[in-house]
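Chemist: Residue strings, one per chain:
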Amino acid sequence: MLEVKNVGLTLKGDEGEVQVLKDVNFTLEDKKIYVMTGPNGGGKSVTAKTIMGIHQPTSGRILLDGVDITHKEIFERARMGIGYAFQQPARFKGIKVRELLEIASGKNASADTCDHLHDVGLCAQDYLDREINASFSGGEVKRIEIATILARDLKLAIFDEPEAGIDLWSMQRLTETFEKMNKKYNTTILIISHQERILDLAAEVIMVAEGTVSEITSREKILGEISRLDSDCRCRRDCSRGGKAIAGCDR
Amino acid sequence: MLDAIDKKLLAEVADLHEIPRGAFNIRKNGQGVERNTTANIDIITKKDKPGIDVIIKPGTKEESVHIPVILSESMEDMVYNTFEVGEDSDVLIVAGCGIHNPSGEKAQHDGIHEFFIRKGARMKYVEKHYGEGDGGGVRILNPKTIIEVEENATAELEMVQIKGIDSALRETEVCLHKNASLIVTERLLTYLNQTAESNITVNLLGDDASAQIISRSVAQNRSKQVFHLNMRGYAKCRGHIQCDSIIMDQAQVSSVPEISAFDSDAQLIHEAAIGKIASEQLTKLMSLGMTEKEAEETILKGFLK
Ligand SMILES: Nc1ncnc2c1ncn2[C@@H]1O[C@H](COP(=O)(O)OP(=O)(O)OP(=O)(O)O)[C@@H](O)[C@H]1O
Ligand SMILES: [Mg+2]
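One line per chain: the protein sequences are A and B, in this order.
Just so we're aligned, residue 1 is where the first sequence starts under this note's numbering, counting upward by one.
Just so we're aligned, residue 1 is where the second sequence starts under this note's numbering, counting upward by one.
Just chain A, with the same shape it has in the complex (with noise of 0.2 Å):
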């Protein structure tokens, strides 16, 4: 349903052009769940933000159904049915949890929008009125952004990290959440995430690392792959970069 081809992405950083994405390849089938993982910095975020059309990539093709969707700007991509749980969420001055949810649903609030929130560990009661502002805590915002995500009738659905800042008791409800979200709604569903927990739901999992796609395989050889990385890696024993810019890095 998804096919990336030879996706180059540079971006300008606060010290000139930076390549963040080199030829990343990779294909998502209909209804599975994939597991995106690999070291911090290895852009999986910045891949994820390429398919949302965050970024908007320097080489290669996107493409969703068979549609070349590579220059399509967000809102269009997110009207074809791909959906994008941010990191890092934003805070909204002014903005409740529910206008946001009706924003994300293109409904009026309602039985379901309850069930997204009860899905992602919060209390229709408690949150439906209340401004997503500072005074959310670092979980709330991000059960928050899920909820948006999960309010969406989405063709694919990315997470971005997911579990960061979710507590133990709500992890186990959150995949039953993900597992139900894609049998139910038939939802592709890309996961970006460090957890064991969530490495067991996928299907196939994506190894990015430098910024391109290393590996795809299975969630037993990965672990393995993460640990042979961690001590082989003469780039992260020695950087002359300061291990930041994966680009550019010629070992």
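Read the hints as simulated data drawn from the structure, not as lab findings.
From the three backbone atoms N, C-alpha and C, an ideal C-beta is built for every residue, glycine too.
Please note: incorrect hints may appear among the correct ones.
Stretches of chain B that chain A covers, calculated by requiring three or more beta carbons in the stretch to come under 8 Å of a beta carbon on chain A [as the list claims (entries may be wrong)]: (1) 146–159; (2) 298–304.
Derived DEER-like restraints, expressed as beta-carbon distance ranges [unchecked claim]: (3) B:F262 - A:R79: 56 to 66 Å; (4) B:M248 - A:S137: 55 to 65 Å; (5) B:K236 - A:D200: 16 to 26 Å; (6) B:M248 - A:R173: 54 to 64 Å.
Given chain A's structure and the hints, the job is docking chain B with the ligands onto it.
Modeler: Relative to chain A, chain B with the ligands alone:
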């Protein structure tokens, strides 16, 4: 007596769709057109100058006074209103000025509102300014508000001005006595070539007096805004100013903070920020299917709510 334009202006400035219940005084084009008093609230026309005295009896609870002003032609109007809010009363006062200026001339409304909030009383004062008319005539508003908040009394001020007014100079001066409290919320949106200046001075005179000013504004196109928010603490008191502006296009915003303490137990805080709409907010809304313009409008609407 009130035509369709008047009713629209009334709806905008006073949330009034019909003649209100409770006490009211509607002033149109420099003259009083309708008035109602109640057993507890009297409204008397001033003898020496244009304007009214509103007298609220001590102990009056849950009553409201509406005093909208509407200008539907080009003219200059000036009023002096005095409000006596009796001890231990609890009232809502809604003022507002709607200008519909179809001419090419200027329409100006200047008002001086003076309030005495007596001991233990509570007053919520809502002031909305709204202007319309396509004749290119200039709409000018210069409201001045002076408030004396006595011991244990509370004043809550809500001041809203959205588009429509070409030039506004708003002066607000408040004195807070022992254990008196003040909450001011200000909402302002200017566009085109409009200018708006808001000067608020709060004097915290008595122990345990507290004041909070929350000002949010949006400046679009080539409009200009200036804020002078000044808090002066003369006793063991608390004051907090939050001034937040969104700046767009070629607009200009100045936020000039001033806090002064004349007592070592005074605690005063000033926070001010001016910036563009946060790009991560725009991106989030677009990723939910909104165009950039829709996202922008949604964010501004929420911010000014
Ligand atoms: N806007 C940007 N401008 C310049 N460089 C960027 C920008 N966004 C990300 N990068 C860089 O791109 C690389 C990949 O970042 P990305 O956020 O995709 O990492 P990640 O794999 O999601 O890491 P983590 O596991 O820590 O979330 C990093 O080196 C990052 O510093
Ligand atoms: Mg990331």
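Chemist: Are the hints correct? Go through all of them and say.
Modeler: Going down the list of hints, with the structure as the test:
| no. | hint | verdict |
| --- | --- | --- |
| 1 | 146–159 | violated (count 0) |
| 2 | 298–304 | holds (count 6) |
| 3 | B:F262 - A:R79: 56 to 66 Å | 59 Å, holds |
| 4 | B:M248 - A:S137: 55 to 65 Å | 31 Å, violated |
| 5 | B:K236 - A:D200: 16 to 26 Å | 59 Å, violated |
| 6 | B:M248 - A:R173: 54 to 64 Å | 42 Å, violated |
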